[in-house]
Structure formats: structure tokens, C-alpha cells
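There are 2 protein chains.
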Amino acid sequence: MKKFEHMALIGCGLMGGSFALAVKRAGLVKRIVGYSKSPSTTSRARQMGAIDEEASSALIAVSGADLVILAIPVASTEPTLRTIKHLIQPSTLVMDVGSTKVDVVNAARGALKDRFGCFVPAHPITGKEVSGVDHADVNLYNDAQVVLTPTELTKVAQLRQAEALWKGLGTHVTSMSPEMHDAALAASSHAPHLIAMAYMNAILAQEDGHRILSLAGPGFRDFTRIAAGEPNMWRDIFSANRTEILQQIHYLQHMLGRYEAALMTDNQAAVESLIRSASDTRAQWKPGKLYTPESLSKTKPTT
Amino acid sequence: MKKFEHMALIGCGLMGGSFALAVKRAGLVKRIVGYSKSPSTTSRARQMGAIDEEASSALIAVSGADLVILAIPVASTEPTLRTIKHLIQPSTLVMDVGSTKVDVVNAARGALKDRFGCFVPAHPITGKEVSGVDHADVNLYNDAQVVLTPTELTKVAQLRQAEALWKGLGTHVTSMSPEMHDAALAASSHAPHLIAMAYMNAILAQEDGHRILSLAGPGFRDFTRIAAGEPNMWRDIFSANRTEILQQIHYLQHMLGRYEAALMTDNQAAVESLIRSASDTRAQWKPGKLYTPESLSKTKPTT
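Heads up: the sequence lines are chains A and B, in that order. Counting in our numbering, the first sequence runs from 1 upward without gaps. Counting in our numbering, the second sequence runs from 1 upward without gaps.
If you are wondering where the hints come from, they were derived from the structure by calculation, not from laboratory data. Some hints here could point you the wrong way.
For identical chains, the list gives no copy identity; a pair is met inside one copy or between any two copies.
Straight-line alpha carbon distances no greater than 27 Å define the calculated BS3-like cross-link-like pairs of lysine-lysine that follow [claimed, not checked]:
no.: 1; residue 1: K128; residue 2: K289
no.: 2; residue 1: K24; residue 2: K2
no.: 3; residue 1: K30; residue 2: K286
no.: 4; residue 1: K289; residue 2: K30
no.: 5; residue 1: K24; residue 2: K113
no.: 6; residue 1: K85; residue 2: K289
no.: 7; residue 1: K128; residue 2: K113
no.: 8; residue 1: K128; residue 2: K286
no.: 9; residue 1: K113; residue 2: K289
no.: 10; residue 1: K286; residue 2: K3
no.: 11; residue 1: K37; residue 2: K286
no.: 12; residue 1: K37; residue 2: K167
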């Protein structure tokens, strides 16, 4: 496996800091130069041993790098890549860790031009409800799934390096188109975040909100954990993938309507059938379990 | 604190088995006689040391008991209480652990008649997504909130005993009317269960369901944990509290509509304002934290 000489880390927050700690522990990179918009973040990342050197600009971090990692809000992808474009060599591997891929690929295509082939769009499906380098965790990527969304212009050499690097961190790597990624992630991650947040908003809007929160137990705790996500980050994700997310909200509303109709007439058989299908599927789900269309058809409701 | 001589446990599943283990550890009861509809459950409860004796009927379990605990589906409350009514002495404490209270109180009133004053309706806000005595846990009630919903007919002696018993288990006890309980729990627990289940149903209804589940990560894991609830139990809860739950689903749909409207026009400021309010509230929430109307008004969205 290729060992990188010089990794430039643009964005030393939770995702970037954790990535740096993990590649260091795995011995995949010799030297890490980090840059964050906030100098105190960069400084803290160096104190924690996530990066070896602090850079005062993205340009300084990237100069001479054979590996560039962007761990920044997805909306900052285009301006950042524009800034560093002229320092990217044909052999450099450039990767992001963003939660949306269509917008990131479009941003990279526009910004990198003839160097676009060096860019391997990546989304490691992991995270925490807290942000910032202080929460960086060397184990954040352990056993996580990583989706790569190469395009027809992505160079095979960089794609192979990216796959090897993620596997070297103990993650499980799959590839698909950016569009397919965004549709699936809207359903598995973005919509749940929005729903959990809308649920919190709905409690706050009620006169009894204080009593509801006072009586909330462990079910509430887990269901709403993702509602505490970082507002700017989730605003950007919702905006970037809004068409797919709106579609998912529509699907949920349709199902809520089925429960409503059944509850309104106290049709307990219909409610039980819906619950049973949901409960069976969830009870059998495990992180990283691979499903086929056939494996799912068994658990669909019969009504 | 009163030490009970003979506790009858009707229903030796997760909630009942855990309660028995906890009162034994706390030394609050001398002898526990258990009964479950399924003899294998009762037998397993005895093997695990949750109960001291197996009874072949509810009547045999209750005969001579100074404490009767119902840990059965809420829909079984009325027939069970009817069966044992003539064995309840004026000094007996009878308690349930059900998740809905208006229906349980009505059932107890109808079944117990002149012994209704012995009944203290209780809801310990805890649980697991798995059921059955094999998952019974001596620590299930630690630090849990317990809501008592006495009526104007509940005897003070029994109410005081119930409060002391729950406090002796290390729980935090509050009292309110059955109606207030059901409204608050519809919002804090029942609606989230329904929403998580409807979300699972919505994934299953999609052609891409297999891909969505294959890519689901830790956010999905926590958000959907409660979707794996036991179907019969949740069918009963949804049915018993359907008016309040329908109201909560209506509130959620209204908030989903606000996100939809903002996403449709890509109004990022409006989306961010909603997210920020939800995220701030959730980040500050802790289990058992007591809110006042004033403490919440600060985190409401300004738009």
C-alpha cells in the first residue's frame, strides 16, 4: 500500500481531526500539515497530535502534498479547491469527506478543471452530534462504511489509492454514482435528521413543551440524538440535497397518513401490520449488513 | 419504609421481571409469587431468581398478597383486575406499569369497584426495544422517572406506599392527572415510536430500500431503535392513546411543512433558524432535567 509523504488537511474539525489521528495510527502518512479557517482550531489539532505542522493558509498546507483531504462544509468545496488548484500535481490524490456528492462533484469539476481526475469524492458514513477538533476520535472511522463516487474522469491510479487508504483505516468501501449516493443518503441519513429536528420544533411550539421534555426518557434520547447536529452543516446538506430530501419527506408523510387513517377508525389490524413490518425490519438490521432487493421483500407488509 | 410480605407479580416479562429483581435487591419485599400467561415465562423468571414461587393462575399469585403488580399489556388490565378483585384487601397496594393511563384508570375503576382506592396507576418511563424475561435487568429502573396518576378516589395510604416503593428503587417520582400524562407521553414517547416506525415503513416501500438500509449508519441506528418495539404492545398503546397521538402527528406534519416550504424555495435562513432552535434545545436536554415554561421560551425560533 502506498504510504503518503505529506498530507494536507484542510479543515481540522471533528471529521478532519479524527481522520488525521486514524491515518497516523495506521502508519499511512509520514507528515500532516493542517489548516483551518480558525487558527485556534489548527493550534489545538497540533497540540492533540492530529497534525504535525500548522499552516497559515490552505496554499501553504497543500504545497508539496501528495495527499489532500478536504474536511470542510460542503458549501466551501468550490472556493477552497479554486484556491489550491495550481498546486495539485497530476499524481496528487485529492479527497473530501462530505455528506452530499452531486454538489461536491460539480464544485470539484468547475474548480479543478484539468486536475479534476485527481479528485476522488468520498463519504465516510460516520459522525457525532458534536463538532470541533476537541471531539476528534481516533476510532471514529473504525468499521464505518465509505462510499466513493468516482466519475468517468476520475483517474484509476487515484481511485485505487483512495480505496487502499480507506481500507487501511478499517472501513468498508463501496462505489456508486453521486446521484445514487445522494438519493440513498437522503433516505438513510438526511431525512432522519430533518424529521428529528422537525419533531423537536413541534415540541417547542406546544404550550406543554416544558412538561413533554421533563418527562422524556431513553426512547426520546436516542430518537432525537441527531437533532443536535451542527446547524450550519445541516443547513448546507439540506440545501445541497433538497430535491431528494423533499421526496423522502413526501414518502414519510404518505406513511404517516396510513397510520392516521388506521388510528382514526381504530383499525388495530392495519396498525399492527404496519408496526410488525417496521419492527421486524429494524430488529434484523445491523450496521454494515448488505441487503438485496430479495432480502427485503419478505418483510414488506401484506396489506 | 414499609416492607411488603408478599408481592404478586402478574406478568413476568421485561418490565415485571426487572421490577422483581430490583425490589429484591432493594430488600423491599420478602417473597414474590409470579404468574405469566405462558408457564415457560413464569418458570424462567423463577430460574433467574426474579420470583420465588410460580403460580399457575393470577388468583393463586394474588391470594394473601399485600402488594400486587400488573406488568401486562394495557389492554389486559380490565379482565385481569376483574379476576383478582375479590382477593384484594382494603390495605392491599395494587399498581400497574403501563404506558397509557386514562384507559388503565377507566379499566381499574370498572373492574375494582369498591377496591378502586387500592389502585395506584404508575408509569415508569423506561424500557428496551426487546421484550421478554430473558432481557430483564435489575438496573432497568435506576434513575428512571415514574409518573403516578392517582384519582380523587385513590387512598392516601396506598399512594404514600407507592411513592416510597418507587423512591426505594432509585426512581424519580412525579404525580399528575391521567389525562395530562397521556398528552405528555403521546408527545415524548408514543409519537416518536410511531414516527420511527412510519419511517421504516417508508423505506420498505421504496424500490431502493435495500440500498438505503445497506448504507445506514449510526444516526439511523439510534433514530430507529424504537421502531423495533413489540408490535402487540405498541398496537395497544397507539389504540389506547390515539386521540393524543393523532394530535402530535398533526403537529409534526405542520413542522415538516415548514421545512418543505423553506427547502422548496431554498430559503436557507429559514431552514437554519428551524435547525438552530431544534439543535440548541436537544443539545441542552438531559434525562430527568426539569423544565419550566420560562426555561423553554428562550430557545424558540424567532421567525
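Inset, instruction - Please work out whether the CA atoms of K128 and K286 approach to 27 Å or closer within one copy, between two copies, in both situations, or in neither? - result: Both. Shortest intra-copy (19 Å) and inter-copy (17 Å) distances satisfy the 27 Å Cα cut-off.
Inset, instruction - Can you give me the call for K286 and K3, within, between, both or neither, at a CA distance of at most 27 Å? - result: neither (33 Å within a copy, 44 Å between copies)
Legend entry - Identical-chain pair category, K37 with K286, by Cα at 27 Å: For K37 and K286, neither the intra-copy (37 Å) nor the inter-copy (32 Å) Cα distance is at most 27 Å.
Legend entry - Status of K289 relative to K113 across identical chains (alpha carbons, at most 27 Å): neither (37 Å within a copy, 54 Å between copies)
Legend entry - Intra- versus inter-copy proximity for K289 and K128 (alpha-carbon distance at most 27 Å): Intra 21 Å, inter 22 Å, cutoff 27 Å: intra and inter.
Inset, instruction - Measure nothing new, just compare the shortest in-copy and cross-copy C-alpha distances for K37 and K167 to 27 Å and report within, between, both or neither. - result: neither (29 Å within a copy, 51 Å between copies)
Inset, instruction - At 27 Å max between alpha carbons, let me know whether K24 reaches K113 within a copy, between copies, both or neither. - result: neither (31 Å within a copy, 71 Å between copies)
Inset, instruction - If the cutoff is 27 Å on CA atoms, where do K85 and K289 land: within, between, both or neither? Let me know, please. - result: neither (38 Å within a copy, 51 Å between copies)
Legend entry - K24 and K2: within-copy, between-copy, both or neither at 27 Å Cα: Within one copy only: 14 Å inside a chain, 60 Å across chains, cut-off 27 Å.
Legend entry - Within, between, both or neither: K30, K286 at alpha-carbon 27 Å: Neither. Shortest intra-copy (35 Å) and inter-copy (42 Å) distances fail the 27 Å Cα cut-off.
Legend entry - Homomeric proximity label, K128 with K113: Cα distance no greater than 27 Å: Cα proximity of K128 and K113: none, with 33 Å in one copy and 53 Å across.
Inset, instruction - Evaluate K289 and K30 at a C-alpha cut-off of 27 Å and name the case that applies: within, between, both or neither. - result: Cα proximity of K289 and K30: none, with 34 Å in one copy and 47 Å across.
Violated hints for the displayed structure, listed by number in ascending order: 3, 4, 5, 6, 7, 9, 10, 11 and 12.
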